[in-house]
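Enquirer: Sequence:
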Amino acid sequence: MALSTNGVDQDLASKRLHSRMEASCLELALEGERLCKARDFKGGAAFFEAAVEVGTEDLKTLSAIYSQLGNAYFYLKEYAKALEYHRHDLTLARTIGDRIGEGKASGNLGNTLKVLGRFDEAVVCCQRHLDISREQGDKVGEARALYNIGNVFHAKGKQQAWGSSQDPGDLPHDIIDTLQKATEFYEMNLSLVKELGDRAAQGRAFGNLGNTHYLLGNFVEAIKFHRERLSIAKEFGDKAAERRAYSNLGNALIFLGQFNTATEYYRKTLQLSRQLKDRVMEAQACYSLGNTYTLLQAYDRAIDYHLKHLLIATD
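By full-length UniProt numbering, the letter at position 235 of the sequence shown is numbered 235, and the numbering carries on one by one without gaps.
Keep in mind that the hints are not guaranteed to be accurate.
[Unchecked claim] Think about it this way: if two alpha-carbon atoms lie no more than 20 Å apart in a straight line, the pair counts; the simulated DMTMM-like pairs of lysine to aspartate or glutamate are:
{"hint": "1", "residue 1": "K81", "residue 2": "E33"}
{"hint": "2", "residue 1": "K224", "residue 2": "E187"}
{"hint": "3", "residue 1": "K60", "residue 2": "D40"}
{"hint": "4", "residue 1": "K239", "residue 2": "E264"}
{"hint": "5", "residue 1": "K268", "residue 2": "E235"}
{"hint": "6", "residue 1": "K37", "residue 2": "E49"}
Just so you know, these hints were derived from the structure itself, not from any lab.
Can you make the complete structure from the sequences, with help from the hints?
Expert: Rendered as structure tokens:
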């Protein structure tokens, strides 16, 4: 009888310890989440690591912790660690039969592989996210996957274009094909986020469509999309996006020979860069204005802006 009681006591103690561990793991994970939301990714990652160390038998919770660890390391630019945790998350999601989780983990892996320049692997992962989202009727996931695939082709096309000496619109066929694929996925994303009424996502799609059309030499199309991007940026009071839109509009107008209008947009870019205290973009805007005034043969103004650019660059 004493043996039996001892067994019951041990069982109770084990359950209490297990319950304390579960609570401790969850508390650590919640603190990690709070820190990441406050953009302290290093602190957040430390708490998530501690939560993994304590352990949990709830595989769904562990999967979520792995996912957040992957994201934290992604923001810290520690991409090897981000890959490791997103792979753990993918394995766990498959183990517990969580299809939506498998899709999200695949998408996160794709984004990390894209940053590492492993574009073909990234497309495979993002395509899996797209297929699972469609299979599950997850429209938000589908929109995100379409956008991510567009981003992979866009990044690949940009990288190839940088290695080429040609101007926008005068690129080799393989680069054009890659960028056209990017526009196709961005168009599908735009159509879906319009259906979902997601204005912020529409803004991002318009901006990226403007950028890809610019690289393809479709400057009129690029301007159309950047104007849409500008409108949504103003709607949200997103000054950084507004600044990017003005700069992109100026760049496209240069190729159409509309130099006076381009200077207006570059001046707005400069004004917003100063408001945002972004010295790099302020220097870039001065440089663009210097070049545009040279094209207009307004040499005194051109020299003035090039000197301003030089002053910031040597600051």
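Enquirer: So, for every hint listed, does it hold in this structure?
Expert: Tested hints:
no. : hint        : verdict
1   : K81 x E33   : holds, 18 Å
2   : K224 x E187 : holds, 14 Å
3   : K60 x D40   : violated, 24 Å
4   : K239 x E264 : holds, 17 Å
5   : K268 x E235 : holds, 17 Å
6   : K37 x E49   : holds, 17 Å
Of the hints listed earlier, the one the structure fails to meet is number 3.
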